[in-house]
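> For reference, the chains in residue letters:
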Amino acid sequence: MVYVLAARAAVRRELQYRWAHMVNNLGSAVFGFVYIAAWRAVLGRQSLSGVDAAFMTRYMVVSQVFLWLTTFMTFGLGIPEGMRTGSVAADLARPVDFFGLYAAREAGALAYGLLYRCLPMAVLFALTVGFPLPGSWPLGLAGVALGAYVGLCLNYLAGLAAFWTVQARWAWGLRQTLTLVLGGIAVPPAVYPGWLQGVVAWSPFRACGAIPTLIWLGRAGAGDLAAAAGWAAALTLLARALTGAARRRVEVQGG
Amino acid sequence: MSVLVRLVAGTLRGQRQYGVDFVGSIVLSALVTAGEFGVVVIILTRFPRIAGWSLPQLALLFGLSATATSVYRTLTDELHDFERYMVNGEFDAILLRPWPSLLVMLARGVNLGKLGGLLEGLGITAWGAARLGLAPSGWGWLLLFSVTGSALVLAIGIATSATAFWLERIGELQVFTLYAPSFAAEFPQSIYAGWLRALFLSAIPIAFVNYLPVRAMLGHGGGIATMLLPVPAAAISLTLAALLWSAGERRYRSTGS
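From first to last, the protein sequence lines stand for chains V and C.
Note that the numbering used here numbers the first sequence so that position 20 is 20, with each residue one more than the last.
Note that the numbering used here numbers the second sequence so that position 102 is 102, with each residue one more than the last.
It is possible that part of the hints are untrue.
[As the list claims (entries may be wrong)] Among chain V residues calculated to face chain C with C-beta under 7 Å, some are: (1) VAL4; (2) ALA37; (3) VAL42; (4) SER87; (5) VAL181; (6) VAL187; (7) VAL199.
To be clear, the hints were calculated from the coordinates, so they are not data collected in a lab.
Being a predicted model, the structure only gives us computed values, none of them experimental.
All residues carry an ideal CB built from backbone N, CA and C; glycine is no exception.
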């Protein structure tokens, strides 16, 4: 199956850099420690909307570990780079689905990330501040899987911007910022000011941060999982529609 | 000096060819900083203080850290990607020039596209200073901290890039030596565990960028001496970074490609 081959090639490429990634994991863990320290300093002994220092420690380690599956991906899934070099023309000519091909490549990188980024970081956190196991394994894993898929779609859409502009980095930066602010990566939505909670509830970015984290911690359930699944379906349709438009628009910059 | 000016002018002329790209980069670099500050603001809408620091006071920390990081990124677009020179053997061409290689790398890498983050960093610092009603001398101190802080981050950046002479790949190391520390500098250092505080006072001297001098300026610990501490800290860090660079340069053997 061609998608499996594409994914496997991505894993092999990533494996070349596994020691460098371990150093990156340490840096990434420092981000987690900083947020945990900030939350402990902010909350002290108090509790707000069911959020206290112990909960935020668990929230931050889970969120930080799964960022590597749901948010940190190749810039535009490699589409902008393909536009620059012209290789995207060859990919469009292949008798396989364009979205499927890029998604499969990234899925390979994510599978690698699960083993060489998420797992070592979870172990590092488990040895220092603790890493919680999911309240329910099937729900927890489904939340993370849907988060990864929604993140993949969002990154794909940002990458598709390269078909219309050499400035796909805008779209990518916008997605990154919105995921950080609206996704609940560092702040659980319950703590947001009221008006912002409404925006968060109706944004897809929540599926990449707050939903998988809260489900993992047993603070959210099937309802939020269904919301994430809804976004996954909607974004898939959007990605397919825009791929069709991009195919008619293609104009490579070099090659 | 005139060589440096000519090199920088050449770099900027090259970038001007891409007008829209330029505006885009400025907006993008501002966007990323805005997102990070947004998180701090959201936290402080529900909680008045972090470790005793109010939002305007935190804005000084955040703004100075963002300013220093943005200055580094504005000056070092090429140096930041130095691993490319190692991996592809492009450093050979730099060595052929009759000027110090570090200077050439810096002149090549001036990228005004990162000015968005810089303006925003300065803006957030100024907002904090205005809200706190700082005296003109206070603004003067903040200006000094911006300069010394930028020099410190530049030193950390040069040292990190210099390790490429031994390690070749440094992209991932930069997360540990640059991104994570400059993020950590957005909060008061007192919230961190001892080992992290020790790290930020020594090998990655990010505490001198903003926390120590600003804390002294706000009267929370230390006096004029502490406020002047970033000056020698920056001088020493830059010297050590330059020494590490020349040690690495002597060791350089090109790639086979």
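> Quick check on VAL199/V please, does its C-beta sit within 7 Å of some C-beta on chain C?
Hint violated; VAL199/V Cβ to chain C Cβ min 12 Å, cut 7 Å.
> Does the interface hint hold: is VAL4/V within less than 7 Å of chain C, judged Cβ to Cβ?
violated, 28 Å
> Going by Cβ atoms only, is ALA37/V closer than 7 Å to chain C?
At about 4 Å, which falls below the 7 Å cut-off, the nearest Cβ of chain C leaves the hint on ALA37/V intact, so it holds.
> Identify whether the interface hint at SER87/V stands, where standing means a beta carbon of chain C within less than 7 Å of its own.
With a closest approach of 19 Å, the SER87/V hint is violated.
> Double-check VAL187/V for me: the hint is only fine if its C-beta lies closer than 7 Å to a C-beta in chain C.
VAL187/V check passes; min Cβ-Cβ to chain C is 5 Å, inside 7 Å.
> Let's test the interface hint: is any C-beta of chain C closer than 7 Å to that of VAL42/V?
This hint holds: VAL42/V lies near chain C, its Cβ roughly 5 Å from the closest one there, short of 7 Å.
> With 7 Å as the cut and Cβ atoms as the points, is VAL181/V at the interface with chain C?
Because about 5 Å separates VAL181/V from the closest Cβ in chain C, which is inside the 7 Å limit, the hint holds.
Checked against the numbered hints above, the structure breaks hints 1, 4, 7 and satisfies the rest.
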